[in-house]
Structure formats: C-alpha cells, structure tokens
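J.: Those sequence lines, one after another, are chains E and Z. Heads up: the first sequence is residues 1 to 83, going by this note's numbering. Heads up: the second sequence is residues 1 to 204, going by this note's numbering.
Be a bit skeptical, because a hint or two may be false.
[Unchecked claim] To spell it out: a stretch of chain Z is covered by chain E in this simulated footprint if at least three of its residues, at any positions, have a beta carbon under 8 Å from a beta carbon of chain E; those stretches are:
1. 66-80
2. 126-138
3. 145-154
Keep in mind that the hints were calculated from the coordinates and are not lab data. Model, not experiment: these values are computed from the prediction. For each residue, glycine too, the CB sits at the ideal point set by N, CA and C.
If you want the building blocks of each chain, they are given just below.
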Amino acid sequence: MMKICIACGMPMSQAADFPDGDESKDYCVYCARPDGMMQSYPEKLEGTVAFLMRTQGFDEKAAREVAVRTLAQLPAWKAVRSE
Amino acid sequence: MKKTMRQMQKEQTKERLLETACQLFSKQGILNTRVADVAQAAGVSHGTIFLHFETQERLVTEVVERYCGGMAARLHELTCSCGDVREFLSAHLEGIMEFEPFYTRLVIENRFLPLGARDAWITVQSAISYHFSQMVEREISLVRTDVPLSVLFNTWMGLIHYYLENGDLFAPGESVIHRYKNVLCGNYLKMITTERMKHDAKSI
Chain E
1 MMKICIACGM
11 PMSQAADFPD
21 GDESKDYCVY
31 CARPDGMMQS
41 YPEKLEGTVA
51 FLMRTQGFDE
61 KAAREVAVRT
71 LAQLPAWKAV
81 RSE
Chain Z
1 MKKTMRQMQK
11 EQTKERLLET
21 ACQLFSKQGI
31 LNTRVADVAQ
41 AAGVSHGTIF
51 LHFETQERLV
61 TEVVERYCGG
71 MAARLHELTC
81 SCGDVREFLS
91 AHLEGIMEFE
101 PFYTRLVIEN
111 RFLPLGARDA
121 WITVQSAISY
131 HFSQMVEREI
141 SLVRTDVPLS
151 VLFNTWMGLI
161 HYYLENGDLF
171 APGESVIHRY
181 KNVLCGNYLK
191 MITTERMKHD
201 AKSI
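Same shape as in the complex, but just chain E:
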C-alpha cells in the first residue's frame, strides 16, 4: 500500500520520495531536514504557506489559513491540533 507522509500528506510511491531513499520512514523527503530528521511544525507551516503562494498564487493570509487547517489533519501534528 502506498504510504502517505505523516507531516504533509504527500503520497510516497518511490524510494526518491523518502529521506535518503529510506522507505521505512513515515515522512517524505520534503519534510526532512538535511540531517534526515523530520522538520518541526513551524518549519513545515512556513514551508507550506510559501508553497501555496509560489505554485498557486494564493493570498498570504488565505494560504496560512489553508495550511494551518490541512496540516492539523495530519498524524504528525495531532498534538498541535489539540492545543
């Protein structure tokens, strides 16, 4: 079964989607820091806002709202959701 990144929701179908090609990881290559550890919530949030603005041209406030809501649905950020 195709894995879904716990931190951003991206489907991971090939080795290149995983940090260092390590398919045992539950997060994708884009959610990993250079040392292979998973990014923190603030890092991921800023990255997601920037991604929505760059690729889809969303307004910054709207992009942030979408990013906060969609990240809150993902397993990695459950703790953030309950805060």
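Put chain Z on the given structure of chain E with help from the hints.
T.: Quick look at chain Z alone, frame taken from chain E:
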C-alpha cells in the same frame, strides 16, 4: 485486535453509504442531494445514515475527503514520472477523466461546501501544483520564464475547469476531457513554451 462481526457490518454499511453518496453527488450535484436520497439509494433507513454521519455536512465532508484523497494519490501516480511537459499535461487530463463526473461537481460547487471538504479539494490541486512546479523546473529551457509559476499553473487549471463547468455547452452528454484533451493540451503548450518548442509543436 480482531473485529467483531457487528463492527465489520458497520464498516461495510458506511462504505456503501460513502459510495452511494458519491454516485448521487456526481449525478445530481452535491448540495442538491438530500440525506433521504442517499438512504433510499443505499436501501437503508434515514436513521441509519445518522448513526454513521451526525449531520449532512459530515456526510458531504467525509465523501469529499475520501474521494479527493483517492484522486490526489492517482494524479500523483500518473504525473510524478512524466518526462516532459506534454506528457505531464496529458497524464493530468487522463487522471481527471477517470473521475470526471465527481471532479466536475467539485469544480462547480467547491466554494459552497463545508470547510473540510473545500480543504480536501485544495489538497488535490496542491498535489498537481507540486508536480507542475517540478516539471517546470526540469523544463526550464523550454517553458516561458517571463510568466510567474502560479500564473502558468492557474492558467492551465482555469482552462480545464472552464471547459468542465460548462460541459453542457462544450460536450453535451459526453466526456469533456475525452473530446478536448488534444485541443487543451496542444494549445496550452503553445502558450507556455518558448519559440524553439513552438516550432517543434507546429503540427499539433
């Protein structure tokens, strides 16, 4: 832990309700479908639906989340290994065609849906915008660089969605994507690529 027979039956019923609702949404519209319509089509009582979904809003959200998740995964699968722009655009349209009736309803109604459902729809577009941006970066020498990435992407999405939302005018009673696939792909390609590639694409 092994599931009891009762739990399995409950899950099967929920599955059937999600599938039935999706079919009805595709056929008659998401907001135009009443809970009673879903109950009748699935052969269950009105009360049974509320055992699985507390409100109509919850039903809509769960159906949209479920099928948008499937769409995002399928579109990812189709577009992640594309070699060039033409292949990418074509694979994207092939993917949409696989679930065109429900996708079209989402194009038309997404602004009016519960927030969770709308977010699921945005996630599908984000999956595509991600692969689109990767493709543009790979093809940097062929794709116009004087237009921002977001405008390139939104022009492509706007084009597809305009044809879909007006499907009754462009392709009454048939698949819009099937009929216009080459027209949309070929002409968008001419608009976004530089002269060298346009020359190669003259025969479209």
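J.: All hints are to be evaluated individually against the structure, with a verdict given for each.
T.: Hints and how they fare:
A stretch counts as covered by a chain when three or more of its residues have a beta carbon under 8 Å from one of that chain; for the region 66-80 of chain Z and chain E the count is 5, and the coverage holds. Given as covered by chain E, the region 126-138 of chain Z passes the check, having 6 residues with a CB less than 8 Å from a CB of that chain where 3 are the minimum. Using a Cβ-Cβ cut-off of 8 Å, 6 residues of the region 145-154 of chain Z lie near chain E, which meets the minimum of three, so the contact claim holds.
Figure legend: structure checked against the earlier numbered hints; every hint is met.
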